[in-house]
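These protein sequences, in sequence, are chains A and B.
So the first sequence is residues 534 to 935, counted in the working numbering.
So the second sequence is residues -8 to 903, counted in the working numbering.
Hints listed in this document are in silico derivations from the structure and should not be mistaken for laboratory results.
We treat Cβ as the ideally placed atom computed from N, Cα and C, and that holds for glycine.
It is possible that some hints are incorrect.
Heads up, simulated DSS-like pairs for lysine-lysine below, C-alpha to C-alpha not over 27 angstroms straight-line [unchecked claim]:
(1) A:Lys808 <-> B:Lys99
(2) B:Lys690 <-> B:Lys782
(3) B:Lys599 <-> B:Lys697
(4) A:Lys685 <-> B:Lys99
(5) A:Lys688 <-> B:Lys99
(6) B:Lys99 <-> A:Lys829
Some chain A residues flagged as far from chain B (calculated, every beta-carbon gap over 12 angstroms) [stated by the list, open to error]:
(7) Asn682
(8) Met915
(9) Ala934
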Amino acid sequence: MDNLRLHYLQQLDFPECTKVGLQHIEEYLSQGSQRSGGGGRIPGLGGSTSDNPAQQIAQEFVFFHTSRRPYHQRLSAIQELQVLEILCNHFHEQRDSKKAMALFDVLFGNAGQLEVLCRLVSMGVAVQCKSLLYCAAIWMELQGCTSPNPTKLCKMLVDDYCLLVPSATSVLCGLPHISRRFTCNFMTSVTSLYPFSGDQCPPYALVEMITEWINKDPGLGLVSLTPADKSVIQKTQGRYGQVAQPWLSKVQTPIPGLAHWCIVAPLTQEAIRAKLDNRHGETAMETEHTNNTESKNLQIYSKLNVGIIQTMVSVNPEQSKIYLAMQDMFLLVKTVTGLIQQIANPTENDSVQTALDRLGQFFQVAKGTGGLQCDKGDLARMCQPLPSNRFLEILQQQTEAS
Amino acid sequence: MAAASDGAGQGMVYTSQEIQDQVRCFVQGSTYKSKVSCEELAKSALFLLRTLPSARHAVLEHLCTVFDESVNTHVLQIELGSTISSTAMPNLDSVIQDSSGFLMSFIKINPGAWAPIISSWSINLLGHISSKYAERRGALHASGFNELLQMWMTCTATKTLIDLASECFASLIGSSPDVCVDALLEASVKYSPHFDWVVAHLGSCFPQTIITRVLMCGLKDFCYHGSSQSDAAISSVQNIPKMASVVGILGHLAGQHGQDIRKALLALFRDSLRPDAERLQQSTTPFLLHLASMSSMLLHVLTTDFVHTLTPDILNKLAYQFVQQKSPSLQDSKSLLSLVVHLITKSGEGAYRVIQFLLDVTDLNCEKELVPEVRATCAIILDTLVLDLQRIVHRRCADPSTELPILQALQSNALKLCTNLVTHGDTRQKRLTKLLCYVAIYSGESCASDILAHVLIHSREINELSAFVQMTTELETRYPDILPTTVGVAINKLQQFNMLDGGMMLKGLLNVVQWERNSVHQDSKDKISVSRCLQDHIPAIATQLSHSDPITCLAAIQLLAEIRMHKMSTSNVTRICGAFVTFFFKVLKSKDAVYVASALSCCREVVKQLTRSPTASNTLLRFLMEGATAEENAVLLGGREQLSGLSTSDINQLEPALLNANREHSVSLALPRAHSSVFHAGIIGQGLKTRAVGLLLTKEKELANKQAFLGLVWICCCGNAQSQNPSVLQKDGNEPFAGTIHNIRLLPAALNYLAKCLVELTAPDVVYNALHWPEEEFMKVTIERDLQIKKTFDSNPVLWDVMDLISTGPSSLCFCSCIIRGIMATLIAYWDSSRDKMARNSPKQLEASCRLLDCMAKDNPPIPDTEDIQIARDCDVKYTQTIRAVLHSNIDSQGQHYARFFSAEPHQPQPQ
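Whole structure, please, built from the sequences with the hints as guidance.
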């Protein structure tokens, strides 16, 4: 029967065969779920992909990666766009999120078609394809938001919408309206994409966008804490078994990453300024330009800081225990210390003080909302390599007193 | 641009539905599923470009077809003439402009993100288009780079594309040039050679980056092919596709960016020698050589600039590198060497430096610390080169059109090479000699003679002489008349103004001439020899006798002594004699005994040569006499009257400096606008020049001088006669007065001439000089003149000796009768009035009287011929009375003389 299906598909012309192929995959999957319900195949031990007719169809009629049809060796960019359009439409029309996820898993589950996935998601953002983005969000969670593939996907989105086509940034701005879950995961990924090492700052447009999102919707950063519908991911468990099982312990939120941004940003700013000062012979215009961007950056990061704190405050007590670990704090302190060492006179530097203040605030709020479990010694150990800061000292005294 | 600005503008938010519609429209249009107008399609494409980032690949792909179509139209127009108007694709140009505007604005807004995408897109498209339409160009196909460039630049589509590409390059060149250059080179390889115009155009916009990268790319390719084809690699280098491209591109850029190319090549080379060089870099040198073999421009760079960098250190490194490279099979290194040799023969301007370099390296004497392998390799290269050149040069005789750049270039440096030959001894002589021969053969007779002449006049050692001889023999096979021409050139050089090393040049000539004399081959009279050639240039050599440098003079006289002189024109004879006599007296002034001796012996030789012709001997005699009586020379020959009472100082200062200065001018040719004479009366401010006076010479020196002088005079008088009897010649060469004088018949004519000369120089005016004894009354008139004659004799005692010589002739003395009479009259007057008891008390007068009588008492009475004897003897009785009385009273002892004075019949009347 499978061979018959393939043969039939081979008779069709290009756009048609893809469309029909997708239907066939869905049909197969729905049958398969019944079959697997019957215990036909053990999940997780499901043999090689080539045995799977759904995979076969996907490879041959969606990605056209097959040796059997030499005349279709490679799709042209326009044809690829056609495929993307078809896929988008298909996901758009697929209201059943379970089926959509199953299809998504067949297509992109093994991450072999990352590039197509990136383009597809990029297009999905533009055409506001909700189910597609929901699937992508789940996929990201399953892969781990900060792991290479999702990061690559996010980078592609940032490149597309923030760097290449600035006029389309507004499209990305509407992301929370399409999928809050995807937005949340996107933020998590993006923070790991731009770790503020050296001069590599996130694009201003991106920071601005995230700030706006967070300030408008404090709960956005916590969406990933809400577990996804088990039935949706059930189908894919076989593939990500080890990840999916301890679901809650592995969950990631954008909060540590964003806090990292806010705390480190003033220090990086300082480093950049020092570098520019060393490089003399700058025109007045350039100086003015850097000053402008600097003040803009300062503003945006303090706004973002406020947003994060609001988010943390709005944390649901049941979820609070899991969004932050003391380990994250130490890592953060290590980065901060490293950056501070490059600054000439840390104790009297405004930027350093700002950074330390924010660190203190973050610590305080995290502890206050129960997101951080720590004892007295932890704080002392945390503050020990840092230069003196009034706020941190007060915090330490408070902790000792309590 | 208008479209671009509002397209890129912010704030336009499109609904997802709109975007979806546009996607559908675009896909339908571009896949020709449904008919969508061109403008529609373009509109939606640009819409997607700024709203749907993921669609940009598709949009760019679509733009490819648009551009392609536009080019197609353009090419069609060219092929069919402009009959096809742009009606077929009316709006293609505007679409292109719009989209390029968009892309430009993207590049401007965010170069870091867009430039790599657009540059690779535009470059690939350009490559695709240019190779696709390469065959279509038809008539245009034959044209070169520039016309190709012209054609593509007139096409809107390609021009837009290349503008886009260069915009991308401009924005990326500062930050990450590699990104765009790599794309460019990839395309270049893929679409070569049709793509070269793009690289060239972009290259001229960003020369440095492109040049460096192109070279690197070529190197990689070379390496790859070299390793993959192993043995056959070198021979099939021409087949490596990228090499041709690289050369083409560099060639195109050479015009304007030659300096950059030069720098890049040098940098590449330097990098390859760094200790941490990779395997790739290590094959830089073969790569560069192959590049050079494909382009004369690069070869030029290689030969001019690289040779300077090849210090011993670098050479050693290179050698090490080659040893280290495991692969080079024998075949490989052989072909590489032959390539090097081939390149050298092709090299132009830098050829001299290259040769020089090779010679330096192979020279064992040079102190550079070189690995033996380097030296050996260079030697092999040189030897192969010489062999090759020989083959080519001789083959060229049959076909003169063959060009040989190396010889062409060496031609202008031939003289430097010659100097090299002369200065560096025999280590490099063999090769240099051969090389020079080929240069000479290649560049024609005049150049050949120049080279030979240079070698000739600079040869001092026997080695160089042998080089000259070798070259002559080799060249004579080609140019039979080379030797006379060469000698002419050499002599001309001698006369060049301000030639300082004239002495050296003459020495060179002398060496050759001497060698010729000694060599066995000279037996064959037919052979043209240098000395025979020099015969035509005797006057020129003679002028060198007036040179201020004694060494030069000596060399000149030595040379003259070696040459057999033949008939010369009177003016030449005069010149030679004049110069010679001046020189002779200069020699006498010299204090260096060795110098004097060698010079004098040469002088005698020269005189012997000169006196072959009577004219010459007469002229010489006259000049000698004039010289001897000249005030400045008198002192040399014993004259001392004027000197008495004057202080002593250097004898050289005795010379009239002005005369000397003017004489010097004769050494060289008079150039236009140069002084040919000096007028000089002293230095302003010092008043008139004070007369400087020389010191008194010793008696011995005086005597020697006199001897030398008289020796020359004597040789003159001998004429041809003595030269046939060498033994005598040898003997009296040393001592002319030693009794042999009577064994040799001096030429009466010469003696007569000498006598006349003497009269002319001593007698102050035109006087009675007949044989007959003048009237007594007349004698009274001549007292002043007599005194003058006597005074001249006193101040030039050498004249006595000359008179002695004259008196040996059969009848020459009678030409001096007026002198004899004058002196006699003076002496008689003195003795008449002398009141001294002893004649010894007035030694001078006594000596003069004795010498006069000696002269007169020689075997030959002062009577020219027998007819006149009667007349002479028939003098007034009153004069003979005293003698008669003396004879009478001593008849017992002096009787035999009676017949000499008195005829047998006394008082016989004079036959009238």
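field: Distance rule for Asn682 (chain A), whose beta carbon must clear each one in chain B by more than 12 angstroms
entry: 17 angstroms, holds
- prompt: Do the alpha carbons of Lys690 (chain B) and Lys782 (chain B) lie within 27 angstroms of each other, as the hint requires?
  reply: 21 angstroms, holds
query: Are the Cα atoms of Lys99 (chain B) and Lys829 (chain A) separated by 27 angstroms or less?
result: Answer holds: Lys99 (chain B) to Lys829 (chain A) is near 22 angstroms, not above 27 angstroms.
query: Has the given pair, Lys599 (chain B) with Lys697 (chain B), been kept, meaning a C-alpha gap of at most 27 angstroms?
result: 18 angstroms, holds
- prompt: Does the structure keep Lys685 (chain A) and Lys99 (chain B) at a Cα separation of 27 angstroms or less?
  reply: 26 angstroms, holds
message: So if I understand the rule, the pair passes when the alpha-carbon distance is 27 angstroms or less; does Lys808 (chain A) with Lys99 (chain B) pass?
response: 26 angstroms, holds
- request: Could you let me know if the closest chain B CB is still more than 12 angstroms away from the CB of Met915 (chain A)?
  value: 38 angstroms, holds
query: If you draw a straight line from the CA of Lys688 (chain A) to the CA of Lys99 (chain B), is it 27 angstroms or shorter?
result: Given that 27 angstroms is the threshold and the Cα spacing comes to 22 angstroms, the pair holds.
- prompt: Does the claim that Ala934 (chain A) lies outside the interface with chain B hold up, using a Cβ gap greater than 12 angstroms?
  reply: Nearest chain B Cβ is 52 angstroms from Ala934 (chain A), so the label holds.
The structure meets every hint from the earlier list without exception.
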